[in-house]
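2 protein chains.
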Amino acid sequence: MARKSFSHLECSVANTVELLGDAWSVLILRDAFLGVRRFEGFVESLGIARNTLTDRLDRLVESGLMEAVPYQERPLRHEYRLTEMGKDLFDVMMALYSFGERWQPGGAADRFRAIHVDCGNEGHATVHCSHCGERLTRRNVRLEPKVPAAETSSA
Amino acid sequence: MARKSFSHLECSVANTVELLGDAWSVLILRDAFLGVRRFEGFVESLGIARNTLTDRLDRLVESGLMEAVPYQERPLRHEYRLTEMGKDLFDVMMALYSFGERWQPGGAADRFRAIHVDCGNEGHATVHCSHCGERLTRRNVRLEPKVPAAETSSA
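Sequence lines, in order, name chains A and B. Its first residue numbered 1, the first sequence is counted upward by one per residue in this note's numbering. Its first residue numbered 1, the second sequence is counted upward by one per residue in this note's numbering.
Keep in mind that a hint or two might mislead.
As the list claims (entries may be wrong) - Far from chain A by the CB rule (all over 12 Å, computed), these chain B residues:
#1 Glu62
#2 Leu76
#3 His78
#4 Leu82
To be verified - Rough simulated footprint, nothing fancy, chain B against chain A, three-plus residues with beta-carbon under 8 Å:
#5 55-61
#6 68-81
#7 84-96
#8 115-127
If you're looking for bench data, these hints aren't it; they were derived computationally from the structure. All residues carry an ideal CB built from backbone N, CA and C; glycine is no exception.
Chain A on its own, in the form it takes in the complex (with noise of 0.2 Å):
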């Protein structure tokens, strides 16, 4: 499965996109979430061909969002887990997940309900600003062309 590249586009929305690949790559990632870590676990979890697996692993690796450790060394066995960078994916999953829960008709029929343990109920993501903390909507983010600091110093 060759993947054009959409790094041309420099767009950060595109790029992570291009780095999160194709569903069965993000439902490793929601897995690793819930703390699959070994082959097996994912084959049972996903019912997925085992090199199909071996592909979105080696992908997922070589972006850097997971990561192979060995754990046994007769013969060689790795277990997979999520660098920093692939744990900072947490935004994204839960607004996915969201997301999910809000359009599908069928959301009652899921097999996970995530729970914001501090205050108990199902916590369902909302976006909000990182430097003030507001609710962010469509209608209170603007999206504006980025300039060279060269070009900003100077009307």
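Let chain A serve as the given structure and place chain B on it in line with the hints.
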């Protein structure tokens, strides 16, 4: 490009990823958030092949994220708008954007930055509990299996 259906996995994350489609679809959605509506506008912005764009727009309309609205009778021409469901992807897009900004070394080259109008700062997204408003993290969210209502009424 045949896509495997992930609906058997009954997971909100998987369903949303499947709904998003590929990187091209997400880039089209991003442009739609930026105000692009017409076929030629997407071609110009993304440098996307016309047959690829037609295919992805058809999928986005079919999935309910965008709608095709006629703006000219002869010849018939449509523009493509986000539906309410599509607009609700805002949180997902902001989470993708913020992750990319944090981890792409070439972030300064990105074309856009998101300004939170109310506070005037660049608004990187953080994810909060929709119930109590507290910041959600890997540490304070527990994923637990959903049980049917019948099983929760008595132990």
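To see whether the hints hold, each was checked on the structure:
1. Glu62: Non-interface label stands for Glu62 (chain B): nearest chain A Cβ at 15 Å, farther than 12 Å.
2. Leu76: holds, 29 Å
3. His78: Correct as stated: the minimum Cβ-Cβ distance to chain A is 22 Å, above 12 Å.
4. Leu82: violated, 9 Å
5. 55-61: Result for this restraint: violated, n = 0.
6. 68-81: With 0 residues closer than 8 Å to chain B, the region 68-81 of chain A misses the three-residue bar; violated.
7. 84-96: holds (count 11)
8. 115-127: holds (count 12)
The earlier numbered hints that this structure contradicts are 4, 5 and 6.
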